[in-house]
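Chains as they are written, first to last, in the working numbering: chain E, 1 to 223; chain L, 1001 to 1223.
Hint data in this document are derived by calculation from the structure and do not stem from the laboratory.
Hints are supplied without guarantee of correctness; some may be wrong.
[Said to hold, decoys possible] One side only, chain L facing chain E, incomplete, derived with CB under 7 Å:
#, residue
1, Asp1021
2, Gly1025
3, Tyr1100
4, Asn1152
5, Leu1172
6, Leu1175
7, Pro1176
8, Ser1178
[What the hints assert, rightly or not] Calculated pairs, DSSO-like style, for lysine-lysine (alpha carbon to alpha carbon, straight line, at most 30 Å):
#, chain 1, residue 1, chain 2, residue 2
9, L, Lys1002, E, Lys163
10, E, Lys129, L, Lys1043
11, E, Lys22, L, Lys1143
12, E, Lys22, L, Lys1022
13, L, Lys1002, E, Lys43
14, E, Lys129, E, Lys145
15, E, Lys2, E, Lys43
16, E, Lys145, L, Lys1043
17, E, Lys43, L, Lys1054
18, L, Lys1163, E, Lys129
19, E, Lys22, L, Lys1208
20, L, Lys1022, E, Lys163
21, E, Lys129, L, Lys1145
22, E, Lys163, E, Lys143
23, E, Lys163, E, Lys129
24, L, Lys1218, E, Lys22
25, L, Lys1043, E, Lys54
26, E, Lys43, L, Lys1208
27, E, Lys208, E, Lys218
28, L, Lys1129, E, Lys163
29, E, Lys54, E, Lys202
30, L, Lys1151, E, Lys22
31, E, Lys202, E, Lys188
32, E, Lys129, L, Lys1188
33, L, Lys1188, E, Lys163
34, L, Lys1163, E, Lys188
35, E, Lys43, L, Lys1043
36, L, Lys1043, L, Lys1079
37, L, Lys1022, E, Lys79
38, L, Lys1163, E, Lys2
39, L, Lys1202, L, Lys1002
40, L, Lys1129, E, Lys188
Since the structure is predicted, the reported quantities are computational estimates derived from the model, not experimental observations.
Every residue, glycine too, gets a C-beta built ideally from N, C-alpha and C.
Number of protein chains: 2
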Amino acid sequence: MKYLSIDSSSRRLLLLGVNEDKTMGVTLHNVGRHGTYLAPAVKDLLEYLQMSVKELDFIGCGIGPGSLTGLRVGISTVKGLAYPFDIPVISFCSLDLLAYNNYLSSAVVMRRGREGYYYWRKYRFEGYKPVPVEEPGFDSVDKLKSGILTKNEVLIFENEQEKEQFEGYDSLIALPPSPEIMKQIIVKAFEAGETIDVRELKPYYLQKSVAELNWERKHGKST
Amino acid sequence: MKYLSIDSSSRRLLLLGVNEDKTMGVTLHNVGRHGTYLAPAVKDLLEYLQMSVKELDFIGCGIGPGSLTGLRVGISTVKGLAYPFDIPVISFCSLDLLAYNNYLSSAVVMRRGREGYYYWRKYRFEGYKPVPVEEPGFDSVDKLKSGILTKNEVLIFENEQEKEQFEGYDSLIALPPSPEIMKQIIVKAFEAGETIDVRELKPYYLQKSVAELNWERKHGKST
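Construct the complete structure from the given sequences, taking the supplied hints into account.
In structure tokens:
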């Protein structure tokens, strides 16, 4: 089987290519704008693995939640690759990449959105693997503390700063998400028959962009 | 700080480059012989990060235990890069890459050596991070079961097949080791002042090569 996968939902760009038993992963963290590096990195990866886009059985794509600009670049790139050859797509929640910490009983992955707000998703663990409990959410720190989070869940953050607002909760810093963790997620989804048509590919837009919020402030909510 | 790191102790080649806040990781699993891919991959990585070898503050190198041929390629490459500019080296035990599973109290990383033998290293966990308890060992399955392993340690294997010989033990498959886990290991060692001169760099040779064993069988043990 031959496939490619991209997650561009944070400042860490993850890229995976598989050609039968050969696997190549590339991680670019803070290296530059995703828009500058993603296309050349895909090209280099295909060359290392000696395969071409039209041979791909599917393309994986992280659809956030996370950086809106990053997601637009990643999803546009996947669309550009998949459309011409009508390659099926596997979309997955980018927070799942952070849930791979073994031996937890239940956990909540937390990713900072705009000031005072967090994306979150809850997981239980089966055979040391995380299984999402529900769709991801987007809520204020106050709301999270006053009802959504419970004290017997472990909070998983991406870095120390994000952890600070949740003192008193059992929490840890996620292992850095890697292309090979992405591989486990998309292969599981592919085996479960969860491919979609590339025309259906869209990001989780849980957070309105600052531009949208400003527009609503000035002009009232659109319907 | 600028640095590079390589682990070539298994069929998964790990490569890391850091240029100040920029990090790039490359994983090549089964892609081909390490001897063919390592040098060009290092060159590409340096280009992405816009840095040159002579600027490096140090070079990290996994010294096994693991594939003897793989280790020779990786260590030779690090020597080739470090010698001309006398760049300090951080060497680390490759089994540490497999120990990064959170929320364990104590664990033993297991890596298959020749038929019926395993490399192993024990870890305790501090603040969710593994700390090695002693130097790695190399022993037969029988000896491991009859004294070295205890039932309250979790065994960490690289794949399902290696696990089969240890039925009845609490065990799990390691998360795939990643360049960014290697980053955590070498940065910790660098901060602890554990650099060595490149002339001191050598692999863990816990296992005699098949060639050495055959020689001894024919000619008697050398002294």
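Q: Taking the numbered hints from earlier one at a time, note which ones the structure violates and give those numbers from smallest to largest.
A: Structure breaks hints 4, 10, 11, 16, 24, 26 and 30.
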